[in-house]
Every structure is written in structure tokens, then in C-alpha cells.
Amino acid sequence: MIPFALRRLLQAAPVLAGVSLAVFFMIHLIPGDPARLYAGLEASREDVENVRRALGLDEALPVQYGRFLGRFVTGDLGRSLKTGRPVGEEIAARYASTAFLAVLAIASAIALGAATGVVAAVWRRTAVDHAALLVSLLGLSLPPFFLGLVLMLFFSVQLGWLPLAGNATWRHAVLPAVTLALPAAAVISRMVRGSLVEVMEQDYIRTARAKGLTEWVVVNAHAVRNALIPVVTVVGLQLGYLLGGAVVTETVFSWPGIGRLIVQAIAARDFPVVQAAVLLLAVTFVGINLLTDMLYAVLDPRIRLE
Amino acid sequence: MRTRLAWTVAFALASLAVAPVSAASAPKAGGTLVYATGTDALTLDPQFVTDVPTARAVMHIHETLVYMDDEGKIAPGLAEAWSVSADKLTWTLKLKKGVRFHDGTPFNAQSVKQTLDRILNPATGSPRRSTAEAIQQSRVVDEHTVALTTGKPFAPFLAQLTAYNLAMLSPTAADKLGKDYATKPVGTGPFMLESWKPGDRLVLARNPSYWGPKPWLDRVEFRVVPEDGTRVLQLLAGEVDVIASVPPIMLKRLAGAADVRVLRAPGYRTVYVGLNNKVKPFDDLRVRRAVAHAVNPQAIVQGVLGGVGAVGGGLESPAIGGAAKGLAPYRHDPTLSKKLLAEAGHAGGLKTKLYVPTGRYLMDRQVGEAVQAQLKEVGITAEIVAPDWGALTAALNKLTEIPMFLMGKGSPTGDLDLTLTLVTQTGGRMNHFNYSNAEVDRLIALQRQTTDAAERQQILRRIQEKLYEEVPAVVVFYEEQIYGGRASVQGIEVHPNESVSFARAWKQ
Numbered sequence: 001m002i003p004f005a006l007r008r009l010l011q012a013a014p015v016l017a018g019v020s021l022a023v024f025f026m027i028h029l030i031p032g033d034p035a036r037l038y039a040g041l042e043a044s045r046e047d048v049e050n051v052r053r054a055l056g057l058d059e060a061l062p063v064q065y066g067r068f069l070g071r072f073v074t075g076d077l078g079r080s081l082k083t084g085r086p087v088g089e090e091i092a093a094r095y096a097s098t099a100f101l102a103v104l105a106i107a108s109a110i111a112l113g114a115a116t117g118v119v120a121a122v123w124r125r126t127a128v129d130h131a132a133l134l135v136s137l138l139g140l141s142l143p144p145f146f147l148g149l150v151l152m153l154f155f156s157v158q159l160g161w162l163p164l165a166g167n168a169t170w171r172h173a174v175l176p177a178v179t180l181a182l183p184a185a186a187v188i189s190r191m192v193r194g195s196l197v198e199v200m201e202q203d204y205i206r207t208a209r210a211k212g213l214t215e216w217v218v219v220n221a222h223a224v225r226n227a228l229i230p231v232v233t234v235v236g237l238q239l240g241y242l243l244g245g246a247v248v249t250e251t252v253f254s255w256p257g258i259g260r261l262i263v264q265a266i267a268a269r270d271f272p273v274v275q276a277a278v279l280l281l282a283v284t285f286v287g288i289n290l291l292t293d294m295l296y297a298v299l300d301p302r303i304r305l306e
Numbered sequence: 001m002r003t004r005l006a007w008t009v010a011f012a013l014a015s016l017a018v019a020p021v022s023a024a025s026a027p028k029a030g031g032t033l034v035y036a037t038g039t040d041a042l043t044l045d046p047q048f049v050t051d052v053p054t055a056r057a058v059m060h061i062h063e064t065l066v067y068m069d070d071e072g073k074i075a076p077g078l079a080e081a082w083s084v085s086a087d088k089l090t091w092t093l094k095l096k097k098g099v100r101f102h103d104g105t106p107f108n109a110q111s112v113k114q115t116l117d118r119i120l121n122p123a124t125g126s127p128r129r130s131t132a133e134a135i136q137q138s139r140v141v142d143e144h145t146v147a148l149t150t151g152k153p154f155a156p157f158l159a160q161l162t163a164y165n166l167a168m169l170s171p172t173a174a175d176k177l178g179k180d181y182a183t184k185p186v187g188t189g190p191f192m193l194e195s196w197k198p199g200d201r202l203v204l205a206r207n208p209s210y211w212g213p214k215p216w217l218d219r220v221e222f223r224v225v226p227e228d229g230t231r232v233l234q235l236l237a238g239e240v241d242v243i244a245s246v247p248p249i250m251l252k253r254l255a256g257a258a259d260v261r262v263l264r265a266p267g268y269r270t271v272y273v274g275l276n277n278k279v280k281p282f283d284d285l286r287v288r289r290a291v292a293h294a295v296n297p298q299a300i301v302q303g304v305l306g307g308v309g310a311v312g313g314g315l316e317s318p319a320i321g322g323a324a325k326g327l328a329p330y331r332h333d334p335t336l337s338k339k340l341l342a343e344a345g346h347a348g349g350l351k352t353k354l355y356v357p358t359g360r361y362l363m364d365r366q367v368g369e370a371v372q373a374q375l376k377e378v379g380i381t382a383e384i385v386a387p388d389w390g391a392l393t394a395a396l397n398k399l400t401e402i403p404m405f406l407m408g409k410g411s412p413t414g415d416l417d418l419t420l421t422l423v424t425q426t427g428g429r430m431n432h433f434n435y436s437n438a439e440v441d442r443l444i445a446l447q448r449q450t451t452d453a454a455e456r457q458q459i460l461r462r463i464q465e466k467l468y469e470e471v472p473a474v475v476v477f478y479e480e481q482i483y484g485g486r487a488s489v490q491g492i493e494v495h496p497n498e499s500v501s502f503a504r505a506w507k508q
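Note that the protein sequences, when read in sequence, are chains A and B. Reminder that position 167 of the first sequence reads as 167 in this note's numbering, one-by-one numbering, no gaps. Reminder that position 100 of the second sequence reads as 100 in this note's numbering, one-by-one numbering, no gaps.
Covered by chain B, per the in silico footprint, the following chain A stretches (three or more residues, Cβ under 8 Å):
#, region
1, 49–59
2, 75–85
3, 151–160
One side of the interface only, derived from the structure: several residues of chain A facing chain B at Cβ under 7 Å:
#, residue
4, Gly32
5, Leu41
6, Ser254
Quick list of simulated restraints, FRET-style, between CB atoms:
#, chain 1, residue 1, chain 2, residue 2, range
7, B, Ala445, A, Gly56, 32 to 38 Å
8, A, Leu9, B, Lys197, 29 to 35 Å
9, B, Asp51, A, Arg71, 24 to 30 Å
10, B, Thr400, A, Phe154, 50 to 56 Å
11, B, Asp218, A, Asn220, 54 to 60 Å
12, B, Lys325, A, Arg71, 53 to 59 Å
13, B, Pro122, A, Val263, 31 to 37 Å
14, B, Arg365, A, Phe100, 33 to 39 Å
Please keep in mind that the hints were generated in silico from the structure rather than gathered at the bench. The C-beta atom is built at its ideal place from N, Cα and C for all residues, glycine as well.
Generate the whole structure from the sequences, applying the supplied hints.
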């Protein structure tokens, strides 16, 4: 498995190079001059040109890109155009906030989604199943800003149990994590149900039942594991999205995550930050995909990673 | 120094009255004030500040040589006295004695010189180098006296020194830290930086050896809460003490709440519909006047802004010293407007585009839509275009692409020279109207060199009247600043240049 992982990581290099090139040139295609945006409308032409030189934006694009790559491979991400702070610092703190929330959200989503999914599959086509479907649909369709505000009004304003916004303590993370977890849980729940229903109709399940095993053992020991492969794929994708930062949820709950950072950086044409953040997200996705693939092999020994 | 405004009681919202702090309640020391703001500070280096929210944080840590009071008079800051030479070229400033920076470095003439030399040095890369460009030379006369020389007589010199970009920084720290000064600022101000987690919170602690009256508060926490609704909820729940930029739609909600008050203060910012004076059809004065008669500012302030903001006809907010008083908006008269359009050959109406920013000024998008509807009544069909700020400014700066736009202008220094030069002088950096009038240009240059205050006022008045007649832009409203606060908070100072200070604030 180790050589497989190494090979996959090597294969990721051209993907990342492609991403960086695409992001670099895409962001330069958007109208808007970063030096002017930074200096402000009222800045004199000399000030803007001075800033352009100071930020190294006066050179040809390929030169700028080469310079970026050169620094990148030595681990230097440069400084934010907008704040002058080192990009690495800027992104690390935001990514940590986002990752904390994402892990919390995905863990809750898995617990909630798996539980409702299994229940719905075992009691399929009953009232329980229909109720689970309804709740999932709701979880998927509520826009996060609405869900977030409703949760805030109820748990913070009415009941006063949790703080409204910020990220000082773990209690601050509860509501945003729930806001993010509900739609993810809905997807996972539907996937678990579908996959489990399919497995439950297979011959080996009938055999297990014929052996006289209790339904509990049949479901948990025999069916669930085989039903997990598509679920793992979905969980991986959801985690990837969550790690990319959830702009709306971060905004509603004043969570200093990477989603907000990227949106602000794009608005300011803050290339170094956009560049580094998008690359980081690409790495995240590659990493998650790799983990997902490796998990397949763990779950199903018939799958060989070559 | 700055006017102190008390919280107006919430139920008296409809009035603009601002009552003075009652003398009965004595200030109490201690505690942390939490201030929720929509945007984070970008830097704590004064020489790199380009926006208001950043300036608010920076100016708790740093101070300028002089300040401007609400009447537009210069008041002492780190400089306690000043004089200008007979040839009006050399300004001599006497500095306050016994002032130290947060790192212990004494504040003296040398630190003034080094601060000014730093921003003027192109290698520093300040986006606001031009703030100091009038200063040709800074010279240390003695430990507590500094002489600043300009190339030409420069009337707004002292006003210029009130700019946040020219706040004093510790030369020791600036030399040692370079770019990292942005996160480790060392000023002379009433508060010092304690910690900063970008995007989340910035914590300031009382400067125990502050030279002036010591702050009452132990700490001030600037919290970033981007969502308007969240800020209001946090204030109502008591999670924060003060919130910035209350949206007009939320005023009712705050008015009905106990323990919460609303603070309203006039501002220097004008929001206007700019017309490109060099592009058809707005190159014709009759068409520009037709637009002025079609737009109904009163209806916009009442209907869209819920009564927030003031109405007027002059391009400069009446809150700025030197602004011409008594310029009413052009009379709302659709019939006259149509007549003017017909005279200009647009009897059948005309089509144009109105560019609006989103989220930059108070309800900007909605204001744009209201203007669009009012123009429609006189036969002007304006399509709304709302690109993001970067794209909008790039297009505006081309000066040929945008016929009509909604924009705003504030004034960090509160001196008309700054805004007139930027916005209405030929080739001015924010003259997106492409307005050019030789007489106006001449008068702008003249007022800059006229050091006699009364005479300068006369010239300024003439410039503004000329602009009023020629309608490079139609004024929609003058922005009003709205803060919300817990009733227990007192002594917040809001300045019309949009700065806010907690230096004298306290909590019951």
C-alpha cells in the first residue's frame, strides 16, 4: 500500500502544477488591477506604480509565474498583497479553523447519516423510512444562511445555550458544525440506505439469516461493511468540500475560515493568497481521494491497489 | 479633540438629536469593551492604511501630530503649538514633552522626521506616500521642535497632518521590524496591541503610561462579524457591547429592545450619481440637469434608507468645514426634466447604463435601483450593471467606459482641498466624471495657496457653486454613521471622518 500511496502522490504533482497555472492565469484575466485595488481609488498614479514595483507586479506574467514557482518549491509562499503578512501564516491559521469545523461536522454527519440510513434501510418502505427521507430532503434543501440563522435564533437567542458567533471556545463551534453537518448527513443517510438496501438483497445475507443469526448481527457484521464502499466515496467528497471552507456558514457565524479568506482575496485580486489557498485545497482533495482509495482496500480485501 | 456623543435613546430614533453625556454618571474604570465590526483591519502600520475600518484600529495605537475638531479647527495632538514662517513655506511644530512610545522610545523631533522620511521613501512601498508629498524637508530644530518645509505655500498643511497615514510610529520598532511592523505596531496611543488573530479578533490593552488622560477600559476587543444580522443579534444578546454599521432595516428592532441604544452621527461621506461629462449623452449640460431634476433624493432617503442620511445639493457634505451651506437638491420636477431632455434632442427618451457597487456604501444596490426607477419616469432607461469592486474601479479609471455610476467619497482629513483635488480637478484621481473646467482648476490651485482662512472660504464657496451649476454629479445623500451599543456603555467618540474612539469610553 505504501508504494501505491507514493506513486499516487507523485502523479498528483502534474495535477497541482496544472491547477497553479490555471489559477494564476485565470485570476489575471479578471478585470481589476491589484496595485490600484490595494492603493485605493484616491491613490496617485505614482503611488500605484510604486506599489506595483514594491509588490513585483510590474513584471511580465510568465516572469511573475516563474518567480512564484521558484519561491514555492523552496517553501516560500510570499506575502499577501493586501495585508503584507506572510501568506503561509495567513493561510495556516484559517485552514486550521476550517479543518476543526470540517472534522467536527463530518463526524456528526457520519454518525447522524449512518444511523438514520441504516434505520431507514432496515425498516424500508415503512413510516420510519419515509420520515428519514423527509428529514434528509429538508437537510439538503435548507440554505445554510437560513438554517444558521434559525439555529441561532433558537439555541442562542431563545434558549441562551450557545454563543451566537465567534470561535473562542468549542461551544462556538457547535452551531456552525451542525449547520454544515445537516446537509452532509442527509447525503450520507441516503447513500447508506440505498447501498444497504442493495446489499441486504444479496444471497450471502439470506445465507447468514438461514444460519440463524440475529438480524442485528446480520446487518452490523455482514451487511454494513459491504455497503460502505460507496458511502466512503461520498464521505470523502463531503469532507473535501467542507475543508474547502463554507463561505456562507463562516460569514453567518463569524468563523475565521479559509472560505472567507479566499473570497476576500479574490475580491482584492490578492494573487499570492488565492494561489496558495487554491493549491492547498487541491492538495487536500488529492489527499482525501488517496485516503478514500486506501480505505476501499481495507474495507474490501478483494480490491488491490496497484 | 473629538466631539463626544451620547447614545440617543432608542425610542427617539426618528430625531437626529444627539444629547450630551449627562454629568450625573461618573465614569468607571476597568472592563473589556467588545466592538463588533464587519471587516477586519488589514494592517496596523499607519503608513499602509487605505480604508476606514483599518484606520479605526490603527488610531487607537497611534496618534497624529494634530487633530481636527468637529468645527474643522485644528487641535493639538502630539504637537502642542505651531507657527508658519512669513513666506508660508516652513511650519515649526513644538512637540509635547515626556511622551514615550509603547516600547519606551522617547517621542521627539527625531521620531517625527524618521516617520515622515519613512513614508516618503519609495522603498517603503507605502500606497499613501502622496499624503506626505507636500513636505519637502523635515528638520530637527531641537529635541522638541521640528521644522517642516513645503515647496509652495500649502494652506491645508495642518489638516493634512491629521491624516492617519501620518501618525507617529516608533523609529526603533520601524527600523527593526520593517514589513513586520504591520503586525507589531508601536505607537504613542492610549492602547497597545495585545493580540491579533486576523479575521477573528484584535485585542488592545490600556497603555499604562499614556501621556494623556488614561483610558477607563482595561481592554478593547475588535471582533470581526461580517454578517449585519449576526452583529445585531449579538448586541441584543449582550455578547458584544458596540456594533458598527447598523443596517437601517434593523433600526426598528433595536429601537424596541431594552438595554440597547442607537448612536447616530453625521459623516463626511457623500454618495452621488456620477455622470461622465465627456461621454454622450451626459456631455450636454441640459441632460445632466435633466437627471438632477429627475432624481428625488428625499424619496430615496425616506423610502430606501429608512430616514438614515441627509439630503443636500452640494457635492461636499455640510459636515465638512468649508462646505457651502444652503445648496438645496435640484427641485424634483419630472416635467422640467423631460423638457430639458427634449431640448437636448432626446424627446423620445434615452438609454444608458448605471454602474453600481454592491455592499460598498449604505444599501448601494437598492439606491441604484431607486435612481433607475426615478429616471424611468422621465424617459431615461438605465440598465443597472453591478460588477465586483475590482472590475468596477478598473472600468471607472478608463474614464470612457462608464456613462453613469453610483459612487461615494469620504474625507479622512476633513479639508476640502483633498476631495476637490481628487474628485473635481481636471485629471483628479477620482474624477470619474471626466469633469474639466479651467476656472474650477484655477480656483482649486488658488485656495491651496491661500493661507488666509476667510479669503480661502470665499474661493471654496465659488468652486462649489460652480460645481452645483454644472452638475458633474447628482448628490443622492450624505451618509450618516449608525452604531448600536449596550446602554451600559458611555463615552464613545464618533468623528464625521468615520473614525471611532474608545479612548474615553467606559462601562457601567
